[in-house]
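Asker: Sequence:
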Amino acid sequence: MTNSLRMRLLWWLLVPLALYVFVTGKAEYDNARHTADLVQDNQLISSARMIAGEVEWVDGFLRVDVPPAALEVFVSPYRDQAFYSVRVDDGRLLAGTPDFPQRSALSPDTADYYDADLHGQSVRAVGLVRLMYDNGATRRVRVTVGKTVRSRDAMAQQLWQPQLVRQIEMIVLAVALACIGLTFELRPLMKVKEEVADRDPMQLEPIRVERLHTELRPIVEAINQCIARLGVQVAAQRRFIADAAHQLRTPLTLLGTQLQFARQQDGLNPALDEALAAMHRSNRSMVGLTNKLLLLAQAEAADNTQLAVETVDLVPLAMEVVEDLALLAQARDIDLGAELSGPAPVAGHRGLLQALIANLAENAIRYTGSGGHVTVAVSAHADSVAVSVLDDGPGIPAESRSRVFEPFFRASADTEGTGLGLAIVREIADAHHGEIVLKPGEGGKGVHMTVSFPRAATEGPQPG
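Residues in the sequence shown are numbered from 1328 upward in steps of one, following this note's numbering.
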């Protein structure tokens, strides 16, 4: 049997209905057959009595003249055949069909109805006995009349089939209504399925159960309990990462200072200086990773109730980011520019918003080749503020675009970086109700990434 709940419910509905139709159909067929038998039996007994009434003594012999009316009652459009037999108790045939099947002896004036086979045809028959008296002698005359059953069967079908058709129609209607009802009643379950399927992996809010059926609530409540336990585990992991990064940052910073001081000493042989330089580069990478982990933990934990919210103009923030990254862009031979139009007020955390712009711009600089261009743009609209970073680098393959916001994912293994920059961007954008749009740059070259925020309410005219 299929695992579909819909089909199983319909099956449980259909089987009892089919059984009900079978039982009631059989009963209705028996009733229809009984009614048709009564009609034909009335015709048979009427004909038999008419024939029996014509039996008489003539010159000491029994004679019978069968009246035409006795057989005319059997006329029907189904071309039934009528048979009769009149016999004396000594076996002598007075009239009719010689081989008409007879039953056992009857008491006088008692009708005996039975089914027989005559000349290969099914026949419904009736037999009765009439006592004939003459000069103290008594003879028993048996009159038997039969008729083929075509008209009887047709009448039974006419009485029974409409009832069967109506019952089948009712089953079809019931199943159709059940399908429609199940479709409507399963909508809450489908909505839960869509809500779970569309959820971000880190969205750990419980599923609402207010509009669910009573039977579905325990299942969803169990899922909510699982989500709650998962949330506890995720929070513990985040705290561990943040604590570990915090504990590592200070010694790594001191180690970097000591390595830089050691390299400044006179008389170092070239091999030792090269080793210290490699250690210093690795230390800088570790410090960068630690800072990114701390920022990611802060962004993941941020929401509107925890953020120190203020109205922040993104134009000066973007300008500071461009100035801070100018040396990195110059070292990589990247033309770093800005297109800023403001004011562009956003309600949020200044440090996190600046980190968002910095990670967008730094990510573009790191992935754009030498001689490329990176532009940081801020634009204000009536209801929103947008931060965009455009580059003309190699771009992001289509199959990787859905994963670039995952922690530690890098579209190219040949480019240095932690793989956390865009994950931080997403978390900060979510905390500020922002929306990220990622698309290819102009002419399909490079990347054009835009983060839109709701515009904060300010006094004075707003740009349209």
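Hints in this document: simulated from the structure, not taken from any laboratory. Nothing here was measured: the structure is a model prediction, and the numbers come from that model. Ideal placement from N, C-alpha and C gives every residue a C-beta, glycine not left out. Wrong hints could be hidden among the right ones.
To be verified - Listed below are the simulated SDA-like cross-link pairs for lysine to any residue, each with C-alpha atoms no more than 20 Å apart in a straight line:
{"#": "1", "residue 1": "Lys1766", "residue 2": "Ile1723"}
{"#": "2", "residue 1": "Lys1766", "residue 2": "Ser1727"}
{"#": "3", "residue 1": "Lys1518", "residue 2": "Met1497"}
Claimed, not checked - Computed beta-carbon distance windows for the label pairs:
{"#": "4", "residue 1": "Ala1658", "residue 2": "Gly1770", "range": "25 to 31 Å"}
{"#": "5", "residue 1": "Asp1368", "residue 2": "Glu1542", "range": "52 to 58 Å"}
{"#": "6", "residue 1": "Pro1767", "residue 2": "Ala1602", "range": "28 to 34 Å"}
Asker: Hints broken by the structure, by number, lowest first?
Answerer: 3, 6
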